[in-house]
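Q: Note that the protein sequences, when read in sequence, are chains A and B.
Heads up: the first sequence begins at 160 in my numbering, then just goes up one per residue.
Heads up: the second sequence begins at 12 in my numbering, then just goes up one per residue.
Read the hints as simulated data drawn from the structure, not as lab findings.
C-beta: ideal position from N, C-alpha, C; glycine also.
A few of these clues could be false.
[Said to hold, decoys possible] Simulated coverage check for chain B against chain A, where a stretch passes if three residues somewhere in it have a Cβ under 8 Å from a Cβ of chain A:
#1 39-50
#2 63-77
#3 119-125
#4 142-156
#5 202-209
#6 289-295
#7 318-330
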Amino acid sequence: MRTPLSIAWHRKVANWLLLGLCLAALGAAVAVLLAVLGYVIVQGAGGLNLDFLTNTPRPVGDSGGGMANAIVGTLILVGIAVVVGLPVGIGAGIYLAEYGRGRLATVVRFVADVLTGVPSITIGLFAYALLVVPLKSFSAFAGGFALGVIMLPVVTRTTEESVRLVPASLREAALALGVPRWKVIARIALPTALSGIVTGALLAVARVAGETAPLLFTAFGNQFWSWSLRQPIAALPLQIFVYAISPYDDWHRQAWAGSLVLVGLVLLLSIGMRLVVRRQRYGG
Amino acid sequence: MMTETTVGRPGRPSPREIRAALGRASTGRRGDAVWAILVGGCAVGILLLVLAITTLMVVESWPAVQRFGFGFIVGQRWDPVGGHFGALPFLYGTVVSSVLALLIGGPVALGSAIALSELVPRQLRGLLSALVELLAAIPSVVYGLWGIFVLAPLLRSAVEPALRTALGFLPLFSGPAYGVGTLAGGLILAIMILPTIAAVSRDALLAVPNDQREAMLALGATHWEMVWGAVVPYARTGILGGFILGLGRALGETMAVTMVIGNRPAISASLFAPSYTLASVIANEFTEATSDLHLAALVEIGLVLLGVAVVVNALARLLIWQIERAGGSAAAGPGRGR
Chain A
160 MRTPLSIAWH RKVANWLLLG LCLAALGAAV AVLLAVLGYV IVQGAGGLNL
210 DFLTNTPRPV GDSGGGMANA IVGTLILVGI AVVVGLPVGI GAGIYLAEYG
260 RGRLATVVRF VADVLTGVPS ITIGLFAYAL LVVPLKSFSA FAGGFALGVI
310 MLPVVTRTTE ESVRLVPASL REAALALGVP RWKVIARIAL PTALSGIVTG
360 ALLAVARVAG ETAPLLFTAF GNQFWSWSLR QPIAALPLQI FVYAISPYDD
410 WHRQAWAGSL VLVGLVLLLS IGMRLVVRRQ RYGG
Chain B
12 MMTETTVGRP GRPSPREIRA ALGRASTGRR GDAVWAILVG GCAVGILLLV
62 LAITTLMVVE SWPAVQRFGF GFIVGQRWDP VGGHFGALPF LYGTVVSSVL
112 ALLIGGPVAL GSAIALSELV PRQLRGLLSA LVELLAAIPS VVYGLWGIFV
162 LAPLLRSAVE PALRTALGFL PLFSGPAYGV GTLAGGLILA IMILPTIAAV
212 SRDALLAVPN DQREAMLALG ATHWEMVWGA VVPYARTGIL GGFILGLGRA
262 LGETMAVTMV IGNRPAISAS LFAPSYTLAS VIANEFTEAT SDLHLAALVE
312 IGLVLLGVAV VVNALARLLI WQIERAGGSA AAGPGRGR
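Bound-form chain A, shown alone:
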């Protein structure tokens, strides 16, 4: 005789089977991460040497050479992106957090979220039409501008969230002392929210540092050193792309080494950011 509380065997089996499948899915996700990272580390370490980090690319058939100019180029492009995207993003984020109650704020919030989802290659087309066509040249500035546009909505939303987290009591205390509203924001709210804003900025930088598509027809790439913002400039992701689809083994090896440098750069930013956030949250 079954007691009313016993569970039918097929329900038990379904329980373990389906929960097991969920765990297996999580395992698969982590396994894929490790497979990709592992491959990049193993293959990349083989091609990574001092030459790679200090030389410019050599012509086909001439082995050796490196991606030093591309590494510096990526840093320059990210620098331009920060100058373009960060101030406007932080400003808009402050607006949404401090003034954002009306219909305009809702629209801006929505548009910023949608802009986050616009394909990066479309942003590249925009930068091409806006800057490359009138200036008649592919340029570092056009590439950095495209990356800045991609950064913008990310910075806006993270700034909004961190400014919003500043306790109302802090604001009210300052306002009660007769401090003007703008000073309350600039001297009290912003410094309090600073670590959150920095986190958002790092997140955005990590995202754009690995972008390739918007650079294809803006920064364009360059085999040589370039310091001019009005000239085409090399970028690490671009160089990896060109080498990856080439038929040469030596270039493939360099593409892996470049990937290792790029992934290292991006993960350093992402993981470093997580540590900052954790320390802030747990007040360590």
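For this one, chain A is given, so just place chain B on it according to the hints.
A: Frame of chain A, contents of chain B only:
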């Protein structure tokens, strides 16, 4: 009521003096105005930017829009030399690879989210969540490189022959195994959208109040029945938002897909065959396009991509906002619409 004529005692400022001093002190009204205009300008700047993106792309693509009209979207022939531009093969490749990515990546992401919110011990949750989210930090071009040298050879030598042996009677799994092709593109996309779907779904599941779980368990449900019967339905709006957000990412993803999908503008029933996506054709042909019409056609493809992305993302945001506004409760509550 205070009288205006009260005179202060010696050594103390009179009310009139205080009022005068306060009048001289800045009320910050001007600073407030400047500040509000400054940050408001930044906010309006975002709107203007999106407006500029749309306008500029419409202007640049106008020659192609005028020349081909609606035929651009349904045309099958893409011949830059002959001046014929029909985007249907790219639209087809984009849709098929993205749907494939959702079919493969979606269940894995949902399973991961359930495992993260319902099964994994609290101490491990943070670490495992971070690992899954790291998948999103790896640059697209690195996925592409991995796809070319690891995934595609694996598909060519092992997976595709096995699929053909087992399911070869379906047109989906017929034809020669190239390795690079729609299946490789869909798989790479599945990996890339997995962290997005998993993170949004996990947050939605974690927002489900515990009394829902307890009520289900009190009715005698097994752990799984609790998850599937109470927790997942409660969080379904958020999960749907995550899936649509993932779809949006898949539709616009460029580099990784370009590197593994084979880049052949043909519509084929087989998943093994190479195809082409909207984003890939822009990436491959834009810098090499010589005629103005070719350029305009490529920008029009970008415009199509922009339109699709805006619609999909707007939909996803509206769903996710609905939950955030409701604080993960009422709007997503079970019983609604059932």
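Q: Does each hint fit the structure? Answer for all of them.
A: Hints, one by one, checked against the model:
Using a Cβ-Cβ cut-off of 8 Å, 9 residues of the segment 39-50 of chain B lie near chain A, which meets the minimum of three, so the contact claim holds. Given as covered by chain A, the segment 63-77 of chain B passes the check, having 6 residues with a CB less than 8 Å from a CB of that chain where 3 are the minimum. Interface restraint, the segment 119-125 of chain B with chain A: holds (6 residues with C-beta to C-beta distance below 8 Å; minimum three). Closer than 8 Å: that is the beta-carbon criterion, and the segment 142-156 of chain B has 13 residues meeting it against chain A, so the requirement of 3 holds.
Judged by the Cβ-Cβ criterion of 8 Å, the segment 202-209 of chain B is covered by chain A as claimed, because 4 of its residues qualify and three suffice. Look at the segment 289-295 of chain B against chain A: 3 of its residues bring a Cβ nearer than 8 Å to a Cβ of that chain, three or more, so the hint holds. By the rule of at least three residues with a Cβ nearer than 8 Å to a Cβ of chain A, the coverage given for the segment 318-330 of chain B holds, with 7 such residues.
The structure fails none of the hints (numbered hints given earlier).
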